[in-house]
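Protein chains: 2
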Amino acid sequence: MDHLQLDRLFNPKTIAMIGASSVPGKWGFMVLLNILKGGYAGTVYPVNPKGESILGLPCYRSIGEIPGTVDLAIITVPASSVSSLIDDCGKKEIPNVIVITSDFSETGHGGAILERHIVEKARGYGMRIVGPNTMGVFSAGPRLNALMPPVEPLHGPVSMFSQSGNVGTQMLSWGAEEGVGFEKYVSSGNEGDLTCEDYLRYFGQDSASRVILAYLEGVDPGSRLLPVAREISPRKPVIVFKGGRTRAGAHAAASHSGAIAGALGIYQAVFRQAGMIEVSSTQGLVDCAKAFSLCPVPRSNRVAVLTRGGGWGVITADALEENGLLLPPLPGDLVEKLDRILPRYWSRGNPIDMVAVVTAEPFMACLEILAQWEGVDAVLALGGRTGKLAMGSFRSQEVLSRLGIEETALARMEATFSEGQRKVNALLRQLMEQIGKPIISVTMGSNDGEPTESEERRTITYPTPERAVRALAALWQYRRIKDDVATTGQ
Amino acid sequence: MDHLQLDRLFNPKTIAMIGASSVPGKWGFMVLLNILKGGYAGTVYPVNPKGESILGLPCYRSIGEIPGTVDLAIITVPASSVSSLIDDCGKKEIPNVIVITSDFSETGHGGAILERHIVEKARGYGMRIVGPNTMGVFSAGPRLNALMPPVEPLHGPVSMFSQSGNVGTQMLSWGAEEGVGFEKYVSSGNEGDLTCEDYLRYFGQDSASRVILAYLEGVDPGSRLLPVAREISPRKPVIVFKGGRTRAGAHAAASHSGAIAGALGIYQAVFRQAGMIEVSSTQGLVDCAKAFSLCPVPRSNRVAVLTRGGGWGVITADALEENGLLLPPLPGDLVEKLDRILPRYWSRGNPIDMVAVVTAEPFMACLEILAQWEGVDAVLALGGRTGKLAMGSFRSQEVLSRLGIEETALARMEATFSEGQRKVNALLRQLMEQIGKPIISVTMGSNDGEPTESEERRTITYPTPERAVRALAALWQYRRIKDDVATTGQ
Numbered sequence: 001m002d003h004l005q006l007d008r009l010f011n012p013k014t015i016a017m018i019g020a021s022s023v024p025g026k027w028g029f030m031v032l033l034n035i036l037k038g039g040y041a042g043t044v045y046p047v048n049p050k051g052e053s054i055l056g057l058p059c060y061r062s063i064g065e066i067p068g069t070v071d072l073a074i075i076t077v078p079a080s081s082v083s084s085l086i087d088d089c090g091k092k093e094i095p096n097v098i099v100i101t102s103d104f105s106e107t108g109h110g111g112a113i114l115e116r117h118i119v120e121k122a123r124g125y126g127m128r129i130v131g132p133n134t135m136g137v138f139s140a141g142p143r144l145n146a147l148m149p150p151v152e153p154l155h156g157p158v159s160m161f162s163q164s165g166n167v168g169t170q171m172l173s174w175g176a177e178e179g180v181g182f183e184k185y186v187s188s189g190n191e192g193d194l195t196c197e198d199y200l201r202y203f204g205q206d207s208a209s210r211v212i213l214a215y216l217e218g219v220d221p222g223s224r225l226l227p228v229a230r231e232i233s234p235r236k237p238v239i240v241f242k243g244g245r246t247r248a249g250a251h252a253a254a255s256h257s258g259a260i261a262g263a264l265g266i267y268q269a270v271f272r273q274a275g276m277i278e279v280s281s282t283q284g285l286v287d288c289a290k291a292f293s294l295c296p297v298p299r300s301n302r303v304a305v306l307t308r309g310g311g312w313g314v315i316t317a318d319a320l321e322e323n324g325l326l327l328p329p330l331p332g333d334l335v336e337k338l339d340r341i342l343p344r345y346w347s348r349g350n351p352i353d354m355v356a357v358v359t360a361e362p363f364m365a366c367l368e369i370l371a372q373w374e375g376v377d378a379v380l381a382l383g384g385r386t387g388k389l390a391m392g393s394f395r396s397q398e399v400l401s402r403l404g405i406e407e408t409a410l411a412r413m414e415a416t417f418s419e420g421q422r423k424v425n426a427l428l429r430q431l432m433e434q435i436g437k438p439i440i441s442v443t444m445g446s447n448d449g450e451p452t453e454s455e456e457r458r459t460i461t462y463p464t465p466e467r468a469v470r471a472l473a474a475l476w477q478y479r480r481i482k483d484d485v486a487t488t489g490q
Numbered sequence: 001m002d003h004l005q006l007d008r009l010f011n012p013k014t015i016a017m018i019g020a021s022s023v024p025g026k027w028g029f030m031v032l033l034n035i036l037k038g039g040y041a042g043t044v045y046p047v048n049p050k051g052e053s054i055l056g057l058p059c060y061r062s063i064g065e066i067p068g069t070v071d072l073a074i075i076t077v078p079a080s081s082v083s084s085l086i087d088d089c090g091k092k093e094i095p096n097v098i099v100i101t102s103d104f105s106e107t108g109h110g111g112a113i114l115e116r117h118i119v120e121k122a123r124g125y126g127m128r129i130v131g132p133n134t135m136g137v138f139s140a141g142p143r144l145n146a147l148m149p150p151v152e153p154l155h156g157p158v159s160m161f162s163q164s165g166n167v168g169t170q171m172l173s174w175g176a177e178e179g180v181g182f183e184k185y186v187s188s189g190n191e192g193d194l195t196c197e198d199y200l201r202y203f204g205q206d207s208a209s210r211v212i213l214a215y216l217e218g219v220d221p222g223s224r225l226l227p228v229a230r231e232i233s234p235r236k237p238v239i240v241f242k243g244g245r246t247r248a249g250a251h252a253a254a255s256h257s258g259a260i261a262g263a264l265g266i267y268q269a270v271f272r273q274a275g276m277i278e279v280s281s282t283q284g285l286v287d288c289a290k291a292f293s294l295c296p297v298p299r300s301n302r303v304a305v306l307t308r309g310g311g312w313g314v315i316t317a318d319a320l321e322e323n324g325l326l327l328p329p330l331p332g333d334l335v336e337k338l339d340r341i342l343p344r345y346w347s348r349g350n351p352i353d354m355v356a357v358v359t360a361e362p363f364m365a366c367l368e369i370l371a372q373w374e375g376v377d378a379v380l381a382l383g384g385r386t387g388k389l390a391m392g393s394f395r396s397q398e399v400l401s402r403l404g405i406e407e408t409a410l411a412r413m414e415a416t417f418s419e420g421q422r423k424v425n426a427l428l429r430q431l432m433e434q435i436g437k438p439i440i441s442v443t444m445g446s447n448d449g450e451p452t453e454s455e456e457r458r459t460i461t462y463p464t465p466e467r468a469v470r471a472l473a474a475l476w477q478y479r480r481i482k483d484d485v486a487t488t489g490q
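If you read the sequences in order, they're chains G and Y.
Read in this note's numbering, the first sequence has 487 at position 487, and its numbers run on one by one without any break.
Read in this note's numbering, the second sequence has 223 at position 223, and its numbers run on one by one without any break.
Worth flagging that the hints you see were computed from the coordinates, not collected in a lab.
Accuracy of the hints is not assured; some may be wrong.
Which copy is meant is left open, so a pair is good if it fits within one copy or across any two.
What the hints assert, rightly or not - With a cut-off of at most 20 Å between alpha-carbon atoms, the simulated SDA-like pairs for lysine to any residue come out as follows:
hint : residue 1 : residue 2
1    : K91       : A208
2    : K26       : E361
3    : K91       : E65
4    : K26       : S80
Build the full structure now, drawing on both the sequences and the hints.
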């Protein structure tokens, strides 16, 4: 029942945009603009007492004037006007209202009273409220981008709820830069009515949400968030980043979301019990979202590392051991296979150091052998992307002509490199799909070589081995969460 | 004496490029091309028995044919030919030779014998050798880019030596993307003759090298690297990233550089004793290089945090406490000053949460107050860069015209934002210079807004608060290293 009601929140056919404005910079303009340029599949009704046309749409003076059913109302008007608008929405039988308006419980006692008042009123109508003081909602299915900041999320399997609107929307934006696609997102705001627990339960039941991400600051003592997470986690990963882990952070959180951040230091154990995967940095949250979106869950913690440069192999080996992952030694038959491809002075160990072999073909041949090796359940391919590093400096025509370098020779070399790159990427994707192990590319220090085409985005890439290893360690942690449940028969 | 000889290595007036080639892809082509397009200020003599013109330069059949003095020879020919070339260089009285050629001690016993042979021969001539198996040398002064991969480093105060050529050159390339400029760089290769100790001592005495970076895998038991570091560290920061910290990493290092990685786990204490700043990730190495290049060293660990979004303040507060930095409470007079600028519901605590104030002016006014506050010695400014996030979605003309949005209104808004951005950046730089405290900007999840103009690059920026905090913690660690020496009177 709640699920159906929240389904109308995330998949509304009709939206009333209350406080719609034609003044750039006003939230009633920004949110409406985001909805329209996002290509929202349903109908949006701007509501403004002035009744003008806004952003090319006919405007309604009041909610009552809107013809037909409204699934969702979005309110951006000042706090003092919200209460009577809730009545209007109630009379119109609108099931869900997003209250973007701030100046409620987050600003003190007076705001808290007003917040309780509108929530109680809404409940009387059987209405659910997102917020108040929320930065909005995103949903890929109906192409609904009802957010305050002009973020354009990629579409993908990740659904997120966030107790900070800024952190959440910037994750959407950051995800878009790093190829992480989102299915649904909600900024939970003050959680006057709907709470993180509700969103988590909904995402758990929503088949389009395959990976769940959470930014949490504090959870109400009566919340069932953790048991709900425990029920969901064997079926889909629940990744959490906790703000307010320290005394200083908890103090800041109390003044931010008003959340009681709870006894310091108990969260880690509690998250673990609930089968949640805790990450320790904002970067880790994005990196994990990417890994869980693109990779299968490995069967073991045994990893092969392929590298073109010994030092990077050393750094990766350190990171693996520090994160509880293993580098099994190469069996004799595998060494023999690799001997046929590599120069005689290759490392003959794992990491497999190809030593200054820069062409794509031997790299690909090694990759295939390692992916098929039954002794490992994941492969890290370092330096798969050589294109940018190799060609960066040949771009200047001025330099070329000054040096009298034949341009065609360099163009051929460049074409060879980028063609090699495409082939390596395609093989990485193909092997991961066929063999069902994480096969992760590491570019080492450069995001610029990142794939931008949507097909290419399915090649999983990190700029540093440490980030790749931490993401892989999270995948392995999730395997144990699943296995643990299987063993104990839950 | 050694210093003068190494000075000729890093500031050669003339270079013999032995094994120069006109075949793209060959190292004798790549290195020469890098030297030429880098705009090397001296004269380079290609040497090749075929004696053709290479890359527009007259070519010499042998080293002996080169007229006048040669300060530096670079050798890329196969290992078997190196020994007789060392003789030729010796007869020509060339003081320094970079042996890029591999297949020496790193490939086994035979190679080790050959390496010892050429080093002994070179020493007989009073010649110093970089490598063998090095990826080359960079030096900003003479614009010398004698590197194998086509990297184009930015010029700046950082000098680096690396026991992995790949790690080192990719740091140069990565640094260029993140605005970190280099003064000198050397890939130490097999360290058959010159070792890390020599390079460190040289950088310590070189006034142009203001920040020293090191990638280390292992140090010979007889090395004086650590006492040399201890002598230098009170005068300039020595930042080290250690490969082979774990059993797996040390094992990989042994097969890579042949270095004996030493007893596990003792390095941290040893680096600390030597006054070196150890970083724990490749990203940390780049981030620290940036902080030490651009920031003054703070007098205390007290920090003010300015943010536009409460959640980011919480995350930053956690990171600060986890890294031993403090957020002092705001004194009453400071609260009063900020009250005049901020909306009535601002946080009134540190972090200073401006709460949804998106314009530049109040941000700048707060920044100025915080920078001048004597209770803190560093400021983190979160969300100073709003340009990209704010404007990203307004770029599509198609969308604008479909929605009938007046383009000029949006263009005005965009101009306001980017003008605000420029003003904020200029103020960040100006305050840091005037007041002498680190004033660090954090973009939160986006590198795209990074300054690219050389003036703008002096604004210090990180994409995540965690990275900014770790870099700031390293600056604070360096303050204690300096103070410790001052106290103990060393």
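* Checked against the structure, which of the hints given earlier come out wrong? -> Per hint list: single violation, 1.
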